[in-house]
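Peer 1: Quick mapping for you: the protein sequence lines, in order, are chains A and B. Under the numbering used here, the first residue of the first sequence carries the number 42, and numbering increases by one thereafter. Under the numbering used here, the first residue of the second sequence carries the number 8, and numbering increases by one thereafter.
Derived from the structure by calculation, the hints contain no laboratory data. Among the hints, erroneous ones may be present.
[Claimed, not checked] Rough simulated footprint, nothing fancy, chain A against chain B, three-plus residues with beta-carbon under 8 Å:
#1 34-43
#2 46-52
#3 65-74
#4 88-102
C-beta: ideal position from N, C-alpha, C; glycine also.
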Amino acid sequence: EPEVTQTPSHQVTQMGQEVILRCVPISNHLYFYWYRQILGQKVEFLVSFYNNEISEKSEIFDDQFSVERPDGSNFTLKIRSTKLEDSAMYFCASSEAGGEEPQHFGDGTRLSIL
Amino acid sequence: QKEVEQDPGPLSVPEGAIVSLNCTYSNSAFQYFMWYRQYSRKGPELLMYTYSSGNKEDGRFTAQVDKSSKYISLFIRDSQPSDSATYLCAIPRPGGYNKLIFGAGTRLAVHP
Chain A
42 EPEVTQTPSH
52 QVTQMGQEVI
62 LRCVPISNHL
72 YFYWYRQILG
82 QKVEFLVSFY
92 NNEISEKSEI
102 FDDQFSVERP
112 DGSNFTLKIR
122 STKLEDSAMY
132 FCASSEAGGE
142 EPQHFGDGTR
152 LSIL
Chain B
8 QKEVEQDPGP
18 LSVPEGAIVS
28 LNCTYSNSAF
38 QYFMWYRQYS
48 RKGPELLMYT
58 YSSGNKEDGR
68 FTAQVDKSSK
78 YISLFIRDSQ
88 PSDSATYLCA
98 IPRPGGYNKL
108 IFGAGTRLAV
118 HP
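With the hints as constraints, model all of the structure from the sequences given.
Peer 2: In structure tokens form, the structure reads like this:
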């Protein structure tokens, strides 16, 4: 069964450094998402991306964050200058269509900021 | 009032028990409802996807929606130790680009 893959599984970074989290969505999917889950808290929406542009973003997704689809298969989340509070699990998801189409998630990248 | 509320548990049951997991929501415009299962150190895995009120069954799993009460349930029959996981309800916000609103997740342990 096709799946969303994320790399790396664990990233350790010094505060203030830039980090790029990578995702390969399911190949025929057109909508892409990033969510995060701080330890002990809910999964929360960060951003959705369609047709090479951001379609919706949350208040968490400030100027330090950016997303990109650099080629036909990868989808990346960049955090420009990491803060301690960015430590979380980051999940990539994709869906075939928009609206209420179900989303399929990867296994996440655990980001630890020191 | 939170948009989606879910009792975090934990819930511990013996193997073979019927498990009931529940969420409530506040926005009457919500129409689609999803249940995800999340094993430790893994991403959410889609279990059930329902629209409107009523029941939907898939093997040992039944999803139930009561829109009049804004209440959704997931029932697991004949629970197995392999069902031990965190179960998340998730609702897409209507009118947007499929932003999912998650409940807190209920941690379930099924012991042999």
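Peer 1: Next, verify each hint and record whether it holds.
Peer 2: Checked hints:
Closer than 8 Å: that is the beta-carbon criterion, and the region 34-43 of chain B has 4 residues meeting it against chain A, so the requirement of 3 holds. Chain A is given as covering the region 46-52 of chain B, and this holds because 5 residues of the stretch bring a CB closer than 8 Å to a CB of that chain, at least three being needed. Proximity of the region 65-74 of chain B to chain A, defined as three or more residues with a beta carbon under 8 Å from a beta carbon of that chain, is not established by the 0 residues found. Residues of the region 88-102 of chain B lying with their CB closer than 8 Å to a CB of chain A number 4, which satisfies the three-residue condition for coverage.
The structure fails to meet hint 3 from the earlier list, while all remaining hints are met.
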